[in-house]
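Spelled out, the chains give:
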Amino acid sequence: GAVVSQHPSWVICKSGTSVKIECRSLDFQATTMFWYRQFPKQSLMLMATSNEGSKATYEQGVEKDKFLINHASLTLSTLTVTSAHPEDSSFYICSAHGPLTGGYTFGSGTRLTVV
Amino acid sequence: TQLLEQSPQFLSIQEGENLTVYCNSSSVFSSLQWYRQEPGEGPVLLVTVVTGGEVKKLKRLTFQFGDARKDSSLHITAAQPGDTGLYLCAGLVTRDDKIIFGKGTRLHILP
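Going down the list, the protein sequences come from chains A and B. Quick note: the first sequence, position 29, residue 29 per this note's numbering, numbers continuous. Quick note: the second sequence, position 72, residue 72 per this note's numbering, numbers continuous.
Quick caveat, the hints were computed from the structure, so don't treat them as lab data. By construction, the Cβ of each residue, glycine as well, lies at the ideal position given by its N, Cα and C atoms. Incorrect hints may have been included.
Not the full set, but computed from the structure, chain A residues with beta-carbon under 7 Å of chain B [as the list claims (entries may be wrong)]:
no., residue
1, Phe39
2, Ser43
3, Thr49
4, Ile93
5, Leu100
6, Tyr104
7, Gly107
8, Ser108
9, Gly109
Build the full structure now, drawing on both the sequences and the hints.
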């Protein structure tokens, strides 16, 4: 079945630094990838949608200059949290969708802690 | 903005009891999905319902899609401690090809 690998599974960084999270579709081509953020005890909130080779579409209230998304290939999308602050600490989850999968496959998430 | 209201948000019941979780919206979705999420992991798809009025069963779990495709329910029969977790409903927004989630139901089954 369709598998999405997300890396790293957890990361701790200092305030002011940048962190990159990778999302890879291992056995299918993902034309569209989605990035979600989940705070403790809450549901998943869609941050942005990225299509391969084009700019990401950000949801209202999400700072595109802070959360840089790159989807340069059909199997890889990256989310870079720039100048991270403690309030950016959260669980980030990616999801991938391809024309042949017929569904949306989620990664296992990345726990970001900014200290 | 299409919103999904999920209820209840929290539910703690004894093993063996039945329960129903509801997912409602004022908007029509082309499909609704139900996920289960364990702490520290991504959500795992349980079922997708597409046709209005559709009913799907997954062992002790029964999923129903409303006739108007605006709401859905998840019914668990004879709940077991292993059913404990966060249950999320999600709707597919056809226009944007994206999935939006309800707030989730945190279910705790007491042995």
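task: Please name the hints from earlier in the document that this structure breaks, with their numbers sorted from lowest to highest.
output: 1 and 5
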